[in-house]
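Undergrad: Turn these sequences into a full structure, and let the hints steer you where they fit.
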Amino acid sequence: MSNGGATSSLRELRLEIEEFNSAYAAALDAGKIEEWPRFFTDDAVYRITGRENADAGLAVGLVYCEGIGMLRDRALAIAKTTMFAPRYLLHQVSNVRVLGSSASGETTATANYALFETLIDEKTILQQVGRYHDRFVRGASGLLLKERICVYDSLIIDTALVFPV
Amino acid sequence: MSNGGATSSLRELRLEIEEFNSAYAAALDAGKIEEWPRFFTDDAVYRITGRENADAGLAVGLVYCEGIGMLRDRALAIAKTTMFAPRYLLHQVSNVRVLGSSASGETTATANYALFETLIDEKTILQQVGRYHDRFVRGASGLLLKERICVYDSLIIDTALVFPV
Amino acid sequence: MSNGGATSSLRELRLEIEEFNSAYAAALDAGKIEEWPRFFTDDAVYRITGRENADAGLAVGLVYCEGIGMLRDRALAIAKTTMFAPRYLLHQVSNVRVLGSSASGETTATANYALFETLIDEKTILQQVGRYHDRFVRGASGLLLKERICVYDSLIIDTALVFPV
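So the sequence lines, in the order shown, correspond to chains A, B and C.
Oh and the first sequence: position 118 is 118 in the numbering used here, straight run, nothing missing.
Going from the second sequence to the numbering used here is simple: count from 1 and add 1000.
Going from the third sequence to the numbering used here is simple: count from 1 and add 2000.
Hints should not be assumed to be uniformly reliable.
[To be verified] Just so you have them, the derived chain B footprint on chain C, three or more residues with Cβ under 8 Å: (1) 2095-2103; (2) 2108-2114; (3) 2128-2142.
Hints listed in this document are in silico derivations from the structure and should not be mistaken for laboratory results.
It should be emphasised that the depicted structure is a prediction, and the values quoted were computed from it without experimental measurement.
Cβ coordinates follow ideal geometry from the N, Cα and C atoms, glycine included.
TA: If you want it as structure tokens, here you go:
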């Protein structure tokens, strides 16, 4: 995977990304949608798309945000909406892999996620499984996402997908 | 999240808690219920409650144990009962977060769990998903739980919940 | 679990195994079945079996490969077959535990896995949950599996199990 000298720093990056992903998931799972944009750079790209699109190299997707303004707009729209039934979300993020880290400080990484959703008085369901395809850069207080592309396997996605993943 | 000096020790704590959680889950998944109390301090509190109760600040819950005596009684009761159909359990514990560590050596942390259950000749089901809200202290041979509150999202819990999570 | 001196090296091994498992899962999830044998030693044993068989000490199982030749044959057979409906797979591997490491460099470890499967135009299902029971040795470029026994809880396994787990 990498030579001996680089291994330890890649491992440190992996552990740091795990902590980032846990904080990111905790914010979403707690319903703190207004905190979501702070995990991204000002020029970040955020996208949710199906695996069949991603495999085909298509840029289409269910959600596309470019720049922190669009991320904030989306967060605000969700925070203000009353169209959704109350639900609990829980992310399990696993299998973090650091694919590379450039001299300029950009790190590419992936992770697997499962998103469980519980509506009032209903059983918990597996809302979707997928992979994060990420590009991280280092901000003043830690890692930030310059790009997060969420590629879900699940071909049937219910309306809750309007929430970020 | 934390200053540079504290980061490495919080990371070490996180890794240690991951190892603790894996050993804890392995004991339960192997059906070694009699080992379960040894993960707790003598004065530990163990509770299982629904997210709607937890969010409302209610102390009610499906299971409440205070002190190692109650934990041992519960373990013994489960070990001796023949009321339950045989089943296999498997925990996936992820997203461990260290929220803080006090000078007195107490560490607060959370983790996400999914509990899968398989009854004989049936499909594996998602029994519940939830979060551990933990307070750890350091015992003679490693971390111990002073408090574990298991907050499940799932609103419909079958009778198997009598088992610790 | 271990004395202070051994703890840090066991932790390093745990982290290294996590990285191994993530790379292993990524190859399978990407459909790169031809890469699968390279995670094993020449004399490796690979087996998939149900928990009831494993608990009973039975060597029977759904899949049995001994030696890299059998692993390669299996990979080739799967790569060439057209009998299976297209599907997406996603592994979540968690709860890695290092159980021991011998002076000769062999490490025994376990991990929990959940395998999610998505067929075209269908909902994602939980295909199986189980545990890896592993023996690792160190090859020229990192860890290799000398033995991986996949013990699934799920008693009803669909035909997709012909894929390695």
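Undergrad: Check each numbered hint from earlier against the structure, then list the numbers of those it violates in ascending order.
TA: No hint contradicted; all consistent.
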